[in-house]
Every structure is written in structure tokens, then in C-alpha cells.
Amino acid sequence: MIDREQILVLMRDEAYRPLLMEELEMALGVLGEDPDARAELHALCEEMVQEGYMIRTRTKRYGVPERMDLVVGKLQVKQKGFGFLVPLHTAESDVYIGAVDLGGAMDGDRVVARLKKNVGTGRREGEIFRVLKRAHTQIVGVIHTTGSLGFVRSDDKRLPREIVIPVDQLNGAVDGHKVVVEITEFPTDVFQSPAGVVREVLGFPHDPGVDILSVIRKFGIPEHFPDEVLQAAETISYDLTDADLVGRRDLRDEVIVTIDGADAKDLDDAVSVKRLEHGYVLSVHIADVTYYVKENSLLDREAYARGTSVYLVDRVIPMLPPRLSNGICSLHPQVDRLTLTCEMEWDDAMHLVRHDIYPSVIRTTERMTYDAVRDLLQGDQATRERYDALVPFFEGMKELALKLRHRRMERGAVDFDFAETKIRVDEEGRPLDLVRRERSIAEMIIEEFMLAANETVAEHAYWMELPFLYRVHEPPTLEKMTALNEFVHLFGHHLKAAGNIHPRALQDLLAAVRQTPEEVVISHVMLRSMKQARYAAVSLGHFGLAAEYYSHFTSPIRRYPDLMIHRILRETIVNGSLSEGRVAHLTAKMPEIAAHTSDRERVAVDAERETDLIKKIEFMRDHVGESFEGMVSGVTGFGLFVQLDNSVEGLIHVSQLADDYYHYDDKQHALIGERTKKRYRIGDRVEVLVQAASKEQMQIEFQLLSAVAGDEVREYRRQGASKKPGMPFSGGPRGKKTDGERRGKSERQRGSAEGRRPGGERVVANGQGFGDGRSGRNGRPAVAEYGRRDPESPDVRYGERGLLPRKGGYDVSKRAPDEQMREERTRDKELLLQVENLYGVPVKDKVRRRRRKKTPDKV
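Residue numbers for the sequence shown follow full-length UniProt numbering, beginning at 1 and rising by one.
What the hints contain is simulated information worked out from the structure, not anything from laboratory work.
Accuracy of the hints is not assured; some may be wrong.
Once the Cα atoms are required to be at most 30 Å apart in a straight line, the calculated DSS-like pairs of lysine-lysine come out as [said to hold, decoys possible]:
id, residue 1, residue 2
1, K496, K531
2, K78, K157
3, K531, K218
4, K117, K480
My request is simple: use the sequences and hints to build the entire structure.
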């Protein structure tokens, strides 16, 4: 039987030339009189063409793309219209695709591009000439009707082309509706628009629930289970029989607990700890989902298609039907449940001396929450009395967890301790509050126990040479680490062995900057320098955890890779080993499963982030016109991203930085003023005004008010963000708004622009008001710090006149006598000098210039 590798080896040989199918059959030794072998070869070649491993030319000849100056990859289109082709099967650099070279391709498509010759830009450039696979067959957007046509622009800014909808395909949609459109005709060139048909009308954009439903449809997340899948779940009995317990260890008399969030329903892991004379026994019990979800069953195929459960801000879309995920597979207290147990024995030096993996049956003692365990271990008397019999049990868990964590840190695991935020919403999905979720000792206990089990199972499978799915996190690239090293040098730090980085070096750097002003900026830049974790069929190690072997074993209810691992382990335990045929079958399937589940994980993460952003935008719309403190979380050429203390992130566009021309320095991750040399970089504390919050643009806009002084930043970081006075974490204003302030931002903005405080009171300057008394050039007052005025502070005025020139010059009475006019001109000069100092740019006296033009020429 011919496989892919044989075909690729043949085509990559130097002597190979593109062959017709008949010639390829002869070269591979496939006899013409064997129709089955020929059919298999034809099917395999077609599959390889669609996946981009080989190219079929217009003359029906076959070859590999790299020998034809072609690149096959996934297209990533940017909002400005151009894109980049990310090669699929090679490690080569991305290919730039200009807007006019996109052809009929759209974002996410698998395409073939022809490389351009002698472009002279120092980068690879190409043009797309073939689309192998479309990424989007339907889009979500708002429809606008005109005449006999409708036009839908996608909510996804990376799909800028409008979909044309004939009037007879609107299916009840009216102007302004949010709709789901199926694309029926794709464009063939860059100037053509796709055509489609409305498949679903979601409602108007501001109707309750439409925003989240739009995200679900946009990412193609199946919200409902097919009827046949639900019926298959209904056939599974809740009651266990003696047959279900055959071959299982009975652990129902053991003290076993679950620890989860208060609102969690899919409880797939339970733990127990025993103290030995010279060590500990840790048992991690995971729901035995594969006992109910048989391979290739309806339930299994549906779970594979979904890949993962999706946790949106107001709902959970499970991987398995609720009867399983919240029912028979969930480890509810005081009921018998089937599990797969990973038992690990550690000595006092935290060496793993023994492990065992086996099927079991358990009955959990208590359903604990993170809050309850935290309170118990922190000495809350009421909680300790309620769980009096379990207090020593939890103290033993804490002791072991701390030792496991110390062991992990000693080997160099990189630990980013960023706070998470939970968005509370009402029954209609409106955001009520943003609540900080701190990682307490309770979360740490479960985290350490699950990490230990995942590592143990991965190493067990590796040495047994089982076909397996590993969770891998590859080391960062030399380019990224070199850039990070150059960046930390600006702060006086050094990254050890950046050319051959070990995770311990990054952990040492994090330890060195802890409780320093640069801690936040270095942590964020370091995180962005790391690669993304993924699933793979081979063990490549986990860089971030400094683990040689790692897998996902502990969540089979909500992750398909975990379910697949359980299936392989159970089959190995029950049968003793896997047959050669079974090994070959699973080995061939693992890369495909790894790629698919990695893709589904990214889709779920993107959907979760987008729903969070939507609700944060909605939350901040009630706070437009209010000021907050935050941290610069990102710097680009077009502006600064600022994250408030309530986790909301918004943009200060570079045009808002009016005191200078600012240029982006990628090495310093900073915007630097051309004249003032003022610098804004990640980690800087700033105060901002919320200008706008748009769900249509999916963006929150800030205006920079001021930067927070260095000593305030240090004190802020020493005390912690939640202790900053006058800035509640929930994202509320500094104080309760008055009735006058509730009239909206328009009055507040008018007051600022006209030199009035909110409410209409006119403000008069005190004669200085600039630069805090510091001297500028030529003895003038220095520019006000940060070149901006706080909207709450007095505007600059002279008597009843604004300092800033109006259109056409200053308001000077034409009927004033000469003496008064000279006084006015003298005042104008003084005012213009102050304007120069305020904005740092020269201001010309247009009034005087026009007056000179009116003076008759002397003969």
C-alpha cells in the first residue's frame, strides 16, 4: 500500500519532474491491472492536493509546491486589506500578499500563492492564484437594503467584502437586522463581491441576547445537539449495576472531595490525599467518560466535532449532552460514580516513587467550593466548624500542594500570576459588575494536583510507547528571546543564555523584577514572546511548565483530547496491551485529532474573549465621560492600549497625543516623542477619560489625561491594585454621579471645550496655570506636564476671552480706538506665547497678518 511519505520522497528527489497520473502509477509501481490499488492512489493524491502537500497543474501533472516556487498556506487578512500567507507544511517565513494580489481568497482560506521575483523589499511576496479550501461558508452581519438588493458586511473586520443578497433571498430580513448569511457564490477576483442567501434572522443588534448569539453563529459553534445525539444520551442509565463495577477498585469508603467554582455543574475531577510516614499518596479521580462514550458512536462523533466545551460570559455550550456532562459523568457528592484514578506516591523529598492508573468507583464525601476551602485554610471559624471532620484532610492537601509547587518552581517553571475577571450579568445578559477572581490557596491546590496527574500520565504513556496526544509548548524562538533580552537590558536586567533559553532563566528574571516598577511591563512582554501551547502526537515537552512530558488527562467531560487519552489508557488496562493493528490505526489518527482539537480550542478561546469584550464594552458605555487609572498594556504605531484596574482595555489613538509627534520603537515597546522625547511604554500607569464604547466597532476609546508619577506607581504596586483609593475594582466612577453629571457626556465635553466646568461655570486663569512653575526655553513657563489638560481643571482664559484662537483669529472689536487696539495686540502676543508653551508648537497671529494685507501699499 502506497503512503504519503513514499509519494513525497519521490517528488522531492532532484531527478523528479511533474508527472501525469499514469506516469506516477508506473513510478510508484502500482500495476494497471490492480483497480483497487489505483483507486487508493488516486484518492490519496486528491487528498494531498486538497491539503496542499502536492500541486496538480493545469496540464494534470503532479509535483510538490516548493519545487514550483509555490507556497501553500493559510491566509490571514488584515483590516487594511492586505494579508499574510502562513505556510502550512514548512517552517519558512510568511509571505506578504498585497490587497490587489488576494484574488478571490478570503481570510482563513487555504490557498496556493506564486512567489514574486525580485521584489526588492527584503521579504517574501506573492500572489494567490488558487483557493484549496474555504474557511467561511457563512457570515454574520447587519443587512442594509436598497432597491432590489441587500448588502451584508461581516462583523469580522477581516472579511471586508460585502455579501450581495438578491431581494428574493432575504427571507424576512429587513434593513438593520443582524442576520446569518450563507455564501452561495464566492468571488473569483479581488473586484468581485460574493453572493449569498439569508439563512437566519437573529434580530436587531441591540435586542437582548443578539450580541452573544451573533458570536456563537460567527464562530460556527453548534449551540444545540442533534435529536439523535440527545436520544443516544437518554439511553444511558443513571443507575450503576454490578456489571458496571467489574474490574474496578472500590474506593467508595475513601475520603474524596471535589473542589470547583460555586456555579460549576460539570464536576469531572475529585482528589484525595493520605499522609504516610515518609511521604504522601495523592489520588486524582477523573470521570470515566469513555465508559459511556464509545468510539465512533453518535456521542463520540459529536464530541469530536465540537472538540471542547465553550464557556461564554452568560452560558456554557457543552461538548457532551447535559445528561452526561451535568449528570451521570459529573462527580456529584454522595452518589456512586465511575472514574479513572491516577495514584501517585511521593517521598518527603518530593520524588515520585510509585504510580498506578486504574479504573475505579468512588462516592465523593463533599462538594467543596474554592471559596469554602480558602476560608477554611485561612482560619475562618464558621467554615472550620462546618467542615470540622475535614480540616486535617485539607491541611494535608495544602502541605502537599505547596511542596509540589516548590518542586515545580525549583526546576524552572514559568509562573505568570495575572488576575482574572468574572463578568456578572442579569437574566437578559446585561453586565452588572466586573469581579476580580484572585488565585487563592484553594485554586492552587487543584492546579498543582492536576498538573502532577497530567505529567504522570504523559510520562507513563511515553515509556509504554502508546499512540497518544500530548500537550506541547515549544521553546520560544531565538529572535523573540534576543528581542526580549534587548528590552530587559533597558531596565538593567539580563536574560541568561538567550540563544539556548531554559525556562529557569525566565523564571529567574520574573523573580528579579518582582515588586519593582518594571515588573508588569517585563511580564507582559515575556508572555507575548512565548509560543502558543497545542496538542501533538509526539512528546515535545512543555516549556512553560519545564516539564519533559505533559498531557491533558483531567477534563474528559469538556476536552476531547482528554477523552481520547482515557480511551487509550482504559483499552491498555483492560486488554493488557494494544494490538499491532490497533497501534497503527491510532498512530495514523493522532496527528489529525491533535490538529483538529487545537483548532477547536482556538475557536473556543476566541469566542470567549469576544463575548467578554462585548460585555465589557456594554458595561463601560455607562461610564463614558468618567476618568479611571490604568496601565499601558500594549503599544503600537497607531496608539496605546490601556488596561484599567477592572480589566477593561481600550485604545488611546496616537492622534490623541497632541503635544508632539510620536514614533513607535519596537525594541523599547514604546511610543517616543520626536521633540520632547517623552516615552509611553507597557507598564506605565496613566489616567484616562472614557470617550466612547462601541459594540459596532468592538472598541473602547480613551483620552489621555495624565500619567501617574513614579512614586505613586511604586506605592500602587506595593499595596496592590484593589487598594488604590478612589478607584473601585468594579469599574465604577470615583464618586457617585450627581443629577447634573448624569445629563451625559455632551454637556461635560461642551463645558471643557468652552472653558467651563461641568454645570456651566466659566473658569478664569490665574495668570500662570502652566508647567507647575518650571522654566521653559527663553524663560517662558514650561509646557504643562504630558501636554494635556485635565477636563476637570480650569481652562485657559483671559478675562471674558478664550486663550485659544477662534476661526478667523481672536474676537477683537473693529470699533475699538487705536490705543485699545494696541493693548489688545500686546495681550494677543502674550497669549500666543502661552499657547506655544502649552502645545509645544509655534502659533502664528493670523489676525495681524490679515490686517497687514488690508493696509494700502505705499507708493
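| query | Going straight from one Cα to the other, do K531 and K218 come out at no more than 30 Å? | reply | Distance ~26 Å between K531 and K218 Cα, so the pair holds.
| task | Take a quick look at whether K78 and K157 sit within 30 Å of each other, Cα to Cα. | result | holds, 8 Å
| CA of K117 to CA of K480, is that 30 Å or under? | Distance ~29 Å between K117 and K480 Cα, so the pair holds.
| query | Given the hinted pair K496 and K531, is their alpha-carbon gap at most 30 Å? | reply | The given pair, whose Cα atoms are some 19 Å apart, holds under the 30 Å limit.
Every hint from the earlier list agrees with this structure, and none is contradicted.
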